[in-house]
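First to last, the sequence lines map onto chains Y and V. Numbering-wise, this note's numbering comes out as the position in the first sequence, counting from 1, plus 203. Numbering-wise, this note's numbering comes out as the position in the second sequence, counting from 1, plus 928.
Heads up, some of the hints might be wrong.
Listed next, the in silico EDC-like pairs over lysine to aspartate or glutamate satisfying Cα-Cα at most 16 Å (straight line) [said to hold, decoys possible]:
#1 V:Lys1211 <-> Y:Glu280
#2 V:Lys1109 <-> Y:Asp383
#3 Y:Lys319 <-> V:Asp1106
#4 Y:Lys299 <-> V:Asp1106
If you are wondering where the hints come from, they were derived from the structure by calculation, not from laboratory data.
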Amino acid sequence: MPLPFDMMYHLSIYADRVISCAFFLRGSTISTAVGSHLLNDPLPAGLGRALMLTFENLTLGYDRHPAVHHLNATIVEGEFIALVGPNGAGKSTLLKSILGQLTPIEGRVIFHGITKNDISYLPQASSVDRTFPITAEQFVATGLWQELGAFGQVKKHHRVRIHEALIKVGLAGLEHRTLDALSGGQFQRLLFARKLMQQARLLLLDEPFGGVDEQTVEDLMQVITELHQGGATIVAVVHNLSLVKRYFPRALLLSRELIAIGATAEVLSQDNLNRASTIGFADKPDADICAVHDHA
Amino acid sequence: MPTSARYTTMLDLLIGPFIEFAFMRRALLGTLVLSVSAAPIGVFLMLRRMSLTGDAMSHAILPGAAVGFLFAGLSVTAMTIGGLIAGSLVALLSGLTARKTGTGEDSSLAAFYLTSLAIGVMIISMSGSNVDLMHVLFGSTLALDNTALILLLSICAITLIALTVIYRPLVMECIDPDFLKSISRFSSIAHYGFLILVVLNLVSGFHAMGTLMSVGLMILPASIARFWVRQLEAMILLSMLLAFGACVAGLLFSYYISVPTSPMIITSLGVCYFISIFFGLNKGMITTLINAKRKHLSA
């Protein structure tokens, strides 16, 4: 007779704890049949080890239906990590909870030494009104808000930086175009130019490469790499797995529950991907109340 | 007739009424002040796709003005304070409802302003005569007393100062509200501050132009300016000039052919708008057609 789901869950957690305790010192990635979602993060060598974010037993959702379920994971400073998972897996939801736009149903997001002001977020669908009469240059200048506030003057050296940012994203010569005269890809580049002005410590990018051509992806990845080398921590939702394998040293595979986190090649194993795709996301109207509470 | 004499006659026709009559000078000052403060508000309303919000808000003011009228008669101060309270209440309640429940601001605003309007009409019909209603609806441009002028001047000053203070966050709130929200608390300050400025200017406008016409002086100059210039600052400046020009034209027309002033002002703006639809340099229909026929550039 099969065990009820929640009992299995508890068992898997205990098994996990034992296993992860045993292997903790070795820091190896282990894949077990049950509960690999609670594996300790192996930190890649050479990265700064200061913690930046901890997701502690984090459950997020809409109308009590979980979109992210009992997530335990950490993001360290200087990380360059891709958030991977099928549509509806809770990736954007997770980013929103970091931003504080969504209150957790259970658990919490812990900030280590950063505040909301250190975060720069690129939403999946930007709320930008592209008919507003403003030029590309002025738009990039809005990224200076944290430096200038409501009254600070845009000085010569700011203008130089704006110009440099536009060159970096490949928009030199289009400074004086209005937003409605830019293509989708050009506009995406412009959003990154604004990012460059912000000098944020943590970048949350939600599908930054939706609907842009390969050249743009290359150029924007270059910009992201540069921001990373400048000390920024990068967390990006990316759907293109070959892109993830090529550029991102680490990945977090999410499918409502954490499937795996760690070195990209291991996280994106066929086994893990299969498991991620088999979880259904339909709300069950008659779903029982989740029995897992505060096990972290 | 020698040329100089003809010019003198023209000039006489244009400025004669203002030299001759104090009420015309008062009306001129009142509408100038109103144009300077209402026009920039109109530009932002239009750019935020809130053109009809102004209209709704102008109706929302009615019950407050009516209650003021009920207690103090045709007193500028009482009706202003009443209108301000009613308008701000509707603006804040609809804004809060929209933000807290995630329903659209259009539906919450419609619900609140319609309720407010209904209460206003009820109060007026229970207490006053139709003449009073006409005053509230169409204003009294040619009968501005000192209190009204001082009110118009102070609201103009407040508007210009407040706009200067919230200009940057307001522009950013228009372009990318989520971005502003993610980096500062100015988002709601800009949003609600702007709504309060809208209410202030509607209240100010309703003394000079009446509730029904005051929105016209906000929205129409902005809609016309959009057909002629691209830059935001230019748009604001042009709409101020247009508003004032229309006021002068409206005053003169109403003086010479005795038509009601504020509808005349709005009608002249309407004519300008109609012309701009076709001949506007920026996206005017005929201009676009002509541009399509011109030879294109190489890059």
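Right, here's what the structure says about each hint:
With a C-alpha separation of about 50 Å, the suggested pair V:Lys1211 and Y:Glu280 falls outside the 16 Å cut-off, and the hint is violated. Annotation: proposed proximity of V:Lys1109 to Y:Asp383 is violated, straight-line Cα distance about 23 Å (limit 16 Å). For a cut-off of 16 Å, the pair hint linking Y:Lys319 to V:Asp1106 stands: about 14 Å separates their Cα positions. As the CA atoms of Y:Lys299 and V:Asp1106 are separated by approximately 12 Å, the hinted pair is consistent with the 16 Å bound.
This entry does not satisfy hints 1 and 2, going by the numbered hints stated previously.
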